[in-house]
Amino acid sequence: MPTVVLMDVSLSMTRPVSLDGSEEFQRKNLAVHGLNMLFEHMASNYRLEFTSLMAFSSLWELLVPFTRDYNTLQEALSNLEDYDKTCLEAALQGVSNVVQQEWGSACPCQVVLVTDGSLGIGKGSLRHSLQTQKHRGEDKKFPLPFPFPCKLFILCVANAEELQMSDAMDNLEELLRISGGEGQIFTVEGSLCMKSVQAMFGKLIDHAYSAFHAVLHCGNLSSDVQVFPRPEPVVVDEEVEPIPRAVSTDLEIVGFIEISDISSPPVITRHLVLPIAVNKDVDEVGAGATDELEEEPSASQMAGKSPNFCVLLHGSLKVEGMVAVVQLGPEWFGMLYSQADSKKKSNLMLSVFDPGLQPLPWLGKMSHLGPTSEATENPFGEDDSKSPFPVQPPVKRSYAQNITVWIKASGLQTDVQKILRNARKLPDKTQTFYKELNRLRKAALAFGFWELLKGVADLLERECTLLPDSAHPDAAFQLSHAAQQLKLASTGDPQFAGYDHNIIPMHTDFSS
Amino acid sequence: MDPFILQLCKPKMFSVSHKTVFVVDHCPYMAESSRQQVECDVLTKSRGQGLIPLAPVSKSLWTCAVECSMEYCRILYDIYPKDKLVNYIVSDSEFHTLNSWRQEEQSIHGLMSALAAVGPPNPREDPECCSILHGLVAAVESLCKITELQHERRTTLMDMADRVANRGRIICLTNAKSDTHVRMLEDYIQETILDQNKLAAGSDRLMAIQQCDLVLVHIYPQGEDTLVSDRPKKEVSPLLTSEVHSVRAGRHLATKLNILVQQHFDLASTTITNIPMKEEQHANTSANYDVELLHHRDAHLEFFKSGDLHMAGTSTRENGLKETITLKWCTPRTNSVELYYCTGAYRISPTDVNSRPSSCLTNFLLNGRSVLLEQPRKSGSKVISHMLSSHGGEIFLHVLNSNRSILEDPPSISEGCGGRVTDYRITDFGEFMRENRLAPFTESSLDPSGKPPAERAKAQLERHTRYWPMIISQTTILNMQAVVPLANLIVKESLSEEDVLTCQKTIYNLVDMERKNDPLPISTVGSRGKGPKRDEQYRTMWNELETLVKTHAADTDRHQRVLDCIVACRSKPAEDEDRKKRGRKREDREDRTDKSGGKDAEDKSWQDSERLKGLLDKDEQESEVIKDSPDSPEPLNKKPRLSTEEVQPPERAKGPVSLLSMWTNRITAANSRKHQEFAGRVNSVNNKFELYQQLKEENGMDVHENGKASR
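So the sequence lines, in the order shown, correspond to chains A and B. Quick note: the first sequence, position 339, residue 339 per the numbering used here, numbers continuous. For the numbering used here, count along the second sequence from 1 and bump the result up by 512.
The set of hints was computed from the structure by calculation and includes no laboratory data. Any given hint might turn out to be false.
Stated by the list, open to error - Below, computed lysine to aspartate or glutamate pairings styled on EDC-like, alpha-carbon distance capped at 16 Å:
1. A/Lys345 <-> B/Glu804
2. A/Lys429 <-> A/Glu374
3. A/Lys343 <-> B/Glu920
4. A/Lys418 <-> B/Asp691
5. A/Lys386 <-> A/Glu239
6. A/Lys408 <-> B/Glu804
7. A/Lys343 <-> B/Glu955
8. B/Lys963 <-> A/Glu239
9. A/Lys305 <-> B/Glu927
10. A/Lys365 <-> B/Glu955
11. A/Lys318 <-> B/Glu850
12. A/Lys344 <-> B/Glu804
13. A/Lys343 <-> B/Asp671
14. A/Lys396 <-> B/Glu1005
15. A/Lys345 <-> B/Glu616
16. A/Lys345 <-> B/Glu617
17. B/Lys963 <-> A/Asp474
18. A/Lys454 <-> B/Asp691
19. B/Lys745 <-> B/Asp802
20. A/Lys343 <-> B/Glu927
21. B/Lys524 <-> A/Glu239
22. A/Lys396 <-> B/Glu617
What the hints assert, rightly or not - A few chain A residues that face chain B, going by a derived Cβ cut-off under 7 Å, partial list only:
23. Ala76
24. Val98
25. His368
26. Ser385
27. Pro388
Glycine included, C-beta positions come from ideal geometry on N, C-alpha and C.
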């Protein structure tokens, strides 16, 4: 989930912080110190996160576009200049534009707003923005809530008491609320100093930038992994299941499915699954175990050399063109597969399905997926030539079952013409003729459209009179028989107007 | 708890759209003609001469109401085959309920059949006895009835059952007399709700209505002025909202209900454009067609959010009420083994289901082909934003991600942990995956023990991975073709007698290999020089085999017998094994004598001397075992070990085995062997004794490659 760091560089940030006996700091210095700490943490523990840095005062500027290069970010921090007053609305609009341009509107983002809590005065101040936000036209809407899902973290280089003296806290809370409520306000506890600011950023790190570690299990095989980005808890139904569901730290493989069977399923999020080395004795089983260590190789070299289940799994998934179905929690599943970034690079990827027992209709219930070996007959065929997937729904959809719709006149005309076309080719087309006739009869009865039955009966009688001399004698018999049956049905007499009753061809001497 | 929670854009499970009651007026005035005429006698020029075309037919108000409501249901059932329910009620001098909330009664076919039984209204019936009110009262009563889903949820939630809400919608298709009449109907419904809610409070099978939306559609014939005015949704009471649509019968009514079904079920419309289709008349020319599809509006979420609607080619039709987004057909690709990054898949329903372009498109998709759809952009750049694909006879509109990925350019897996290991058993694990492939099980074929198939799948994975070395150089037995039959069988939950026999055969075969001193596919990676000696290799092999089988020995008696067989074969003087084998051979009448026949005489003499030695050991229990048929369990074999001391770790009794216990097992197994001394070891020099010395001399360099080629 990309991060935008929005740094307040208004003049108020240069306010000095009184520290007894030591060097004098500005609030800006403290903020930069905290951000440096955040970037250092990300560089070592969360380095796949894309982060961008924006500075704002009355104007805003994108200092560093989204990058994983944390040195560049830190460098940009050290070159911040001081500008005029705070105008948050314009900056938030800027964030909205920058994020959408880069990631579109579906990708969840985190915005880290670093400010001193002086949110401007008069026009352009946050207070003013919030007061007027309800009375605006479509073109000047307040940028929050963002079109993309967003977590807004507000880090104030000020303590809560200070913010509560003005209406700053209220305004920030309101801002958080209209952002969608996903986020938090952090304030400095105690007096302003390096330590307290560090503590505040530490809380943010714990809260939003701690790595998600899990264990991937496949029976007795397992591997410690980091799942990136962190899988977020999901609320399935606010009303019935208001408690968010979180992905378990034990990811259990249930079994395997071919890519063509799982067939581009919809997923809510995607994550990289990166094997990690946890300090543990390296497992060495069976032959080839070497006990002597002549030189002490570096930890990462060691980790690279000791077999890891993720690498094995990834390799086989890639070669076989399969995915592993993995259980993420109660009634919650996902899939693991090999995702190639380029020809050379590929990775183990986790896609998370909608929580629930049937995220993919064509697989049936996930809990009903079982080992092929237990089926009485191999569902894939002995030579692997067939597949039990996709699972067929019990009822066909309208487009798969030749349904009759006469909303448009053309629909009705086509059906009548079909009957007449076949009527002219009797007795060759007897079967089709009656099939079409019965289809029309059924629909006309259901719609209470008895007039149509009479009309078609008249048409058939007319066709009868128009038969050429060369026509087969059976044709005349069938036409008048069909016309008569339709007329009987149009009376509504239950004996002839039953929905499931079909007009059957008249048995003539010719037809035998 | 983390406050950041991914909100899925889903409506509440029990919103008003869970239950829809159609109340259709069946009173005499509905038999009136809609006055919209349909020409069904379309005469072609060639035949038309001199014929008087048949008078056009016209639908009654009833026919219009029924076919439009059926169309509403058709779209609804296509897009929501479950959990969005319709109850259809017809009202005249009494009410007729055509179906119930039950899932199996939710079908167009069932409703059509019931409608046919009702038939058109009888124009001669006394209008005074007939009223829509009968149906409306029945509708409210029906909304109080609990659905299967509500029942199921209430049962699972137990004490939080009140979270399950009861809301619903009544769509009333009628011909009202005036605005006052409409108000009277609303008041009547409001009162009925209050009455029914009181009743529901005292019943288990009923639920009080929390919210009811009344959608009243007044239908009047073409060419007449309406007596009822349109009115947007308003709140009659906290329980009831009401809206009135005054619509002319015929296509206006159809359009209205199409709009309503979209509003009621959060649908949106997409028009697929540029579909190439062969002309009916001229088969070698093709023209481009458009087909309109309905689906859940989330398929357009990205467009709505980014305000890209206009760019995406929105066209507004019919006085701005209906909007559709245009997506362009891209020539289909046949590659179905690609996994697209798909953020949503939504069922579709064609608006004009049996038109030729629609049925061509749907049939094309139902035949298993997928079509990528392109979002037209002003800039002219090509963005594939959606895909149409069918799964099991259902067509889905897949939303494909067209934005930059936040996971781009990740470190390759080869750069991470275990990335530099090169001899993973990739092919073997591929086979393992195929063995553990999942298949759907039906409700009826479920295991009576109650363990769901997915749990059984996990149990199978557990059994198959009790001993599964990840790299080639970590294993000997799993690189040996000769071990395959045993390795495949031992992981099974239960073994048949035949399976046990096969395993034993495999073991004897290994004994045979050892006797012939066949080379083993032992990896020399990591060891210097020539690697371990052959007898050392066999010891490793036997150890490994024992480890594998030991992890399963506790499962059943038959598994234990396989282990016993290994222990017996490897821990006894060579002669015992041989004898036993020959005994078995006789039983099975397997004609393998010609192979070893030539050696028999010499073998015997050698054996005899060895046997003497064995007898001298006075291990009577062991000699009993020797006489035992391998087909019967060998409980005696266990005895000496059990009686010796605490050699059996308790872990053995349970399924999965930790590395530690595997190791201790191995050590104890090694130790336990000591109490009954290996004949060779007695004569060993420096604790080493070359086995089958005489065989080596005899066979010379007769070596077979018994193992798989190592990779």
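Taken at face value, is the distance from the CA of B/Glu804 to the CA of A/Lys344 at most 16 Å?
violated, 42 Å
Quickly compare the C-alpha distance for A/Lys343 and B/Glu955 to 16 Å and report which way the hint goes.
With a Cα-Cα distance of about 43 Å, the restraint between A/Lys343 and B/Glu955 is violated, given a limit of 16 Å.
Are the Cα positions of A/Lys418 and B/Asp691 separated by 16 Å at most?
violated, 45 Å
Pairwise hint evaluation, B/Glu804 against A/Lys345, where the allowed Cα distance is 16 Å at most
The given pair, whose Cα atoms are some 41 Å apart, is violated under the 16 Å limit.
Does the alpha-carbon distance linking A/Lys343 and B/Glu920 stay inside the 16 Å limit?
holds, 13 Å
Straight-line Cα separation of B/Lys524 and A/Glu239 no greater than 16 Å?
holds, 7 Å
Does the structure keep A/Lys343 and B/Asp671 at a Cα separation of 16 Å or less?
Violated, at roughly 55 Å.
Interface hint check: A/Ala76, Cβ to nearest Cβ on chain B, cutoff 7 Å. Holds or violated?
Violated - the Cβ of A/Ala76 stays beyond 7 Å from chain B, reaching only about 21 Å at its closest.
Holds or violated: is the Cβ of A/Val98 closer than 7 Å to a Cβ in chain B?
violated, 13 Å
A/Lys365 and B/Glu955 were given as a pair; does the straight-line alpha-carbon distance stay at or below 16 Å?
Satisfied, since the Cα-Cα distance of roughly 10 Å is no more than 16 Å.
Straight-line Cα separation of A/Lys305 and B/Glu927 no greater than 16 Å?
Within the cut-off at roughly 10 Å; holds.
Agreement of A/Lys343 and B/Glu927 with the hint, judged by alpha carbon distance not exceeding 16 Å:
Holds, at roughly 15 Å.
Checked against the numbered hints above, the structure violates hints 1, 2, 4, 5, 7, 8, 12, 13, 14, 15, 16, 17, 18, 19, 23, 24 and 26; every other hint is satisfied.
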